[in-house]
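S.K.: Put the complex together from the two separate chains, hints included.
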Amino acid sequence: MINNKKNMGLIELFKSKGLLFPTSSEEIIEFENNNNIDSESPENWDNPISIITQGARKLKNLDLLHNPHEEIEDLKMVARNGDNKLSKEIIEKMYKKHNNSDDTK
Amino acid sequence: MILNSSKTFIKDLAEFIALEYNDKITPLETILQSENINLFYGDYGDTFDGMTIYQKYKFYVHINTDRHNHKDSSRARFTIAHELGHYFIENHRIGLVKGYLQPHQSKNNENSYSKIEREADYFASCLLMPEERIKKDVLRKKFDYSLIEYISKEYNVSKTAAAIRLADIGNHPIKIVFSKDNRIKWVWESEDFPYKYLLNGYNVPENTVMGEYFTLNRHPSETEEVWAIDWFNYVKDYHTSRKFKEHCIVYKNSALSIIWE
Chain A
1 MINNKKNMGL IELFKSKGLL FPTSSEEIIE FENNNNIDSE SPENWDNPIS IITQGARKLK
61 NLDLLHNPHE EIEDLKMVAR NGDNKLSKEI IEKMYKKHNN SDDTK
Chain B
106 MILNSSKTFI KDLAEFIALE YNDKITPLET ILQSENINLF YGDYGDTFDG MTIYQKYKFY
166 VHINTDRHNH KDSSRARFTI AHELGHYFIE NHRIGLVKGY LQPHQSKNNE NSYSKIEREA
226 DYFASCLLMP EERIKKDVLR KKFDYSLIEY ISKEYNVSKT AAAIRLADIG NHPIKIVFSK
286 DNRIKWVWES EDFPYKYLLN GYNVPENTVM GEYFTLNRHP SETEEVWAID WFNYVKDYHT
346 SRKFKEHCIV YKNSALSIIW E
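Chains A and B, in that order, are what the protein sequence lines are. Per my numbering, residue 1 is the first one in the first sequence, and the count goes up by one each step. Per my numbering, residue 106 is the first one in the second sequence, and the count goes up by one each step.
Don't take every hint at face value.
Stated by the list, open to error - Under the rule of at most 16 angstroms between Cα atoms (straight-line distance), these lysine to aspartate or glutamate pairs were calculated in the EDC-like manner:
#1 K93(A) to D148(B)
#2 K161(B) to D102(A)
#3 K93(A) to D171(B)
#4 K161(B) to D103(A)
#5 K88(A) to D151(B)
#6 K163(B) to D102(A)
Keep in mind the hints are simulated off the structure, nothing from the lab. Just so you know, these numbers come straight off a predicted model, no measurement behind them.
Next comes chain B alone, as it looks inside the complex (with noise of 0.2 angstroms):
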């Protein structure tokens, strides 16, 4: 988790400076050449997505090809906003200067490794999207799917990118769930989502179009109905015809569906 006080400073660190340029599309090299931070591409094996290295006083950032972080592809960038996030937040640097953020994560500090991380991702959501361009960008737009394409085209970010920025500063509440192997793995909703708990913990409710996908292999092509029942624990009776809309894209065993009223 991580605190209001330091999301107010990242969200404003990382907004500062993207809105100093006036592309859209967040010049990231040209941050990074501002900064005299080199880049590099390399094919890295199965071992990570991005990285910091701090030596001889000057930082590098290495972004893994065998990742699919192609050049100036969606997750390429996120990755590379993700190694600014710890080059730019004060407390990441000077862990890094002092050797005191490490690559490889011990059992003792999983919770702060997770917290810096987490903190490097909100720092990249932030500056691929700031919250001025994004609202502009949605005002008076009646949300649904083509909603999500049009941000994560527009500011080149994935779409999950995209949906998670949506929920957290969009005009309309959504729900974002992430399925792998029918387990879900992760959630990230609006603040006023209507309801908090899904039906099965953590397993995917079968009635729902992503349930399907995972039982009957039933691939989604468009948006779908669903029930509230089907997917939310604790609807009250008056709520049992409830609907919602829910659209999932699904890639090999994963799954991530968007839900909203």
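Looking at chain A on its own, in the form it has when it is part of the complex (with noise of 0.2 angstroms):
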């Protein structure tokens, strides 16, 4: 019993730091100060009768297989008795295939 009172002041000194999942807007505020909000709130978040009239909707922008990073990534590769010189025609010509590939899928 002791130690379930303990547990539940360490849990709500936690949340008061944002460290928890927010559950009051006090929370919220420092879990936001701690967490990166990037995404964007819908128009309506506040109204809702307009979202439950609005019916289903198509996501839009999510798009989560796009990495940002992937045109300044490195060739990532395993070969067998590799040697060293592989040329940048060679990883070119491996590239064109992939891209055929995804094409005609």
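M.R.: Structure below.
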């Protein structure tokens, strides 16, 4: 019982510092200070009737597979019995094959 | 060297995948397809045998036909199975995704690079020749060179790959010696093979079948008998008349000998 009380105190303390999932507006402010909020809120987020009446909507710009760093990433690969002479032409040749195969799908 | 713990893990993983299929010849392309991995054959000069690339959240495997990795050949199959090792072994896959595994080995990471390549080779060996099936195949069969030929044909693997697998899990202790230009490049042996050390270190002993190929240009055609003292070091005096069998396969400046008692 004493332990549970102690735990509850700790949980409240962490929540008030924004370190646990927030349940009050003060905790939300603290939480957002600790966690970068990039997403935009929907226009009608404070109007539940409007949200319900608009029905199902297609999500826009939810590009989870897009990696913004892919253009600057190094080629990630391993070679069996590879040597140090992998030319740019060979790498481009492989990449071309990747792209062609992806296009045909 | 591969740690025993990771060896067991790699073996269990590879054999679990292989035994999901009833085919004795592990259907590598089916496995690739089921994992959504694209396979390409291409001519890339003398650069590599096979390569796995991670790009845009997908894995791609390239097989180099300029290094005799022709479609469905035993060499290409081993290369594909090796590349699948990089995909299925978790550490390798994470390394690929994170970009830690690069195609160019540097002096600093030669050991770890060689470790991952050995692990992928071991994975390939287990994937193509699962122990359960091999043991059934060799059960109550007397070992001789024809058993290696049989395994090689039955599983569509090279004779070298078959011999190495039989050295590991077969029913008879064997030693495999590979040499190039009269210099020994690597040796593989069963744990219970009676002699560990070769007579002349890295030089091929002259009075062996392999030695005669390099020194006398004599092309061996069948299994021959050799004395233990001609191949091995530290042969006890009372074993000087101990005989072994040697089957030597030669190709240009290379030779592979399988030795057993």
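S.K.: Against this structure, judge whether each hint is valid.
M.R.: We went through each hint and held it up to the structure:
no.: 1; hint: K93(A) to D148(B); verdict: 10 angstroms, holds
no.: 2; hint: K161(B) to D102(A); verdict: 10 angstroms, holds
no.: 3; hint: K93(A) to D171(B); verdict: 15 angstroms, holds
no.: 4; hint: K161(B) to D103(A); verdict: 13 angstroms, holds
no.: 5; hint: K88(A) to D151(B); verdict: 15 angstroms, holds
no.: 6; hint: K163(B) to D102(A); verdict: 10 angstroms, holds
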